[in-house]
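Peer 1: Build out the structure end to end from the sequences listed, making use of the hints.
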Amino acid sequence: MRVITKVRTASVMMILAAFCCSPAQSAEKDPDYIFDTSQVGRSNGHIMSDQLLELGMVSADGLRLEGEQAIRLGHTDRAILLLQKALEMQPGDMDGRILYSSALEKKLMKQKSSKRDPKLFNFCVKNWYYIWKKSEFHDQKGQAANHLDKLTGQIPKRFERPHKYLQKVLIAEDGSEPVKIAGGSGKKVEKAE
Numbered sequence: 001m002r003v004i005t006k007v008r009t010a011s012v013m014m015i016l017a018a019f020c021c022s023p024a025q026s027a028e029k030d031p032d033y034i035f036d037t038s039q040v041g042r043s044n045g046h047i048m049s050d051q052l053l054e055l056g057m058v059s060a061d062g063l064r065l066e067g068e069q070a071i072r073l074g075h076t077d078r079a080i081l082l083l084q085k086a087l088e089m090q091p092g093d094m095d096g097r098i099l100y101s102s103a104l105e106k107k108l109m110k111q112k113s114s115k116r117d118p119k120l121f122n123f124c125v126k127n128w129y130y131i132w133k134k135s136e137f138h139d140q141k142g143q144a145a146n147h148l149d150k151l152t153g154q155i156p157k158r159f160e161r162p163h164k165y166l167q168k169v170l171i172a173e174d175g176s177e178p179v180k181i182a183g184g185s186g187k188k189v190e191k192a193e
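Take the sequence shown: its position 85, counting from 1, is numbered 85 in this note's numbering, and each next residue is one higher.
Hint data in this document are derived by calculation from the structure and do not stem from the laboratory. Possibly wrong hints are sitting among the right ones.
Listed next, the in silico EDC-like pairs over lysine to aspartate or glutamate satisfying Cα-Cα at most 16 angstroms (straight line) [to be verified]:
#, residue 1, residue 2
1, Lys134, Asp95
2, Lys107, Asp117
3, Lys126, Glu160
4, Lys115, Asp61
5, Lys119, Glu173
6, Lys85, Glu68
7, Lys110, Glu136
8, Lys180, Asp117
9, Lys115, Glu173
10, Lys107, Asp77
11, Lys141, Glu88
12, Lys106, Asp61
13, Lys133, Glu160
14, Lys85, Asp61
15, Lys141, Asp174
16, Lys112, Glu177
17, Lys134, Asp93
18, Lys126, Glu173
19, Lys133, Glu177
20, Lys107, Asp61
21, Lys85, Asp95
22, Lys115, Glu177
Peer 2: Set out below in structure tokens:
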């Protein structure tokens with residue numbers, strides 16, 4: 001019984017102390033510029049942390065997150081730069097490689113169909129093929145297979161050698177033949193593993 005009354009007394013004392021603070025302390029407010037974000041991003045566009053690349057102490061995960069944000073905002077060249085640096089730091093990161101390949105593909109799709117870069121197309125196909133071949137998770141394999149099907153119209157067969165598949169789908173990089181995006185073959189991708 002005494003324990004309960006001591007706890008009750010202590011809690012009442014804490015409540016009274018909270019209400020009895022000095023008027024100077026209660027009148028003190030945080031500056032308005034901390035909370036007023038109505039002007040943020042209005043005059044100069046989106047706020048980007050460009051200092052992240054200049055600091056020298058950046059992590060691959062931080063670069064990957066910045067690259068993902070750049071993709072969402074439509075800055076594909078910046079996203080490619082950030083994700084490329086993230087992959088140099090962590091080459092085995094499949095999530096970063098998927099984002100990088102998505103940014104490359106987005107850049108390829110933004111180009112006019114008559115002036116698409118064949119080197120970029122081949123590099124994009126090679127990246128998606130690498131993801132399809134080396135990823136450990138089935139959802140990543142399926143995503144890569146969908147992109148390969150969309151770009152080339154062909155999904156790699158189960159035991160097909162890499163050079164044989166790439167020889168079928170890659171185009172000449174000298175510009176002698178135009179880049180044609182297949183748009184998908186309509187096959188079920190889940191069975192291609």
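Peer 1: Given the hinted pair lysine 115 and glutamate 177, is their alpha-carbon gap at most 16 angstroms?
Peer 2: 11 angstroms, holds
Peer 1: Lysine 180 and aspartate 117: Cα distance at most 16 angstroms?
Peer 2: Roughly 11 angstroms separates the two Cα atoms, so the pair holds.
Peer 1: Are lysine 141 and aspartate 174 close enough, with their CA atoms no more than 16 angstroms apart?
Peer 2: Violated. Lysine 141 to aspartate 174 sits at ~30 angstroms, over the 16 angstroms cutoff.
Peer 1: Straight-line Cα separation of lysine 85 and aspartate 95 no greater than 16 angstroms?
Peer 2: 14 angstroms, holds
Peer 1: Hey, lysine 119 versus glutamate 173, does the alpha-carbon distance stay inside 16 angstroms?
Peer 2: 5 angstroms, holds
Peer 1: Are the Cα atoms of lysine 126 and glutamate 173 separated by 16 angstroms or less?
Peer 2: 13 angstroms, holds
Peer 1: For the pair we were handed, lysine 134 and aspartate 93, check the Cα-Cα distance against 16 angstroms.
Peer 2: Distance of about 11 angstroms is within 16 angstroms: holds.
Peer 1: Are lysine 141 and glutamate 88 close enough, with their CA atoms no more than 16 angstroms apart?
Peer 2: 22 angstroms, violated
Peer 1: Does aspartate 61 sit within 16 angstroms of lysine 85, going by the straight-line distance between their CA atoms?
Peer 2: Status holds; Cα separation ~10 angstroms.
Peer 1: Is the hinted pair lysine 85 and glutamate 68 satisfied, with a Cα-Cα distance of at most 16 angstroms?
Peer 2: 13 angstroms, holds
Peer 1: Between lysine 134 and aspartate 95, is the straight-line Cα distance small enough, at 16 angstroms or below?
Peer 2: 12 angstroms, holds
Peer 1: Just to be careful, I want the Cα atoms of lysine 107 and aspartate 77 compared with a cutoff of 16 angstroms; is the pair within it?
Peer 2: Holds - the C-alpha atoms of aspartate 77 and lysine 107 are around 8 angstroms apart, at most 16 angstroms.
Comparing the model with each earlier hint shows violations of hints 4, 7, 11, 12, 15, 19 and 20; every other hint is respected.
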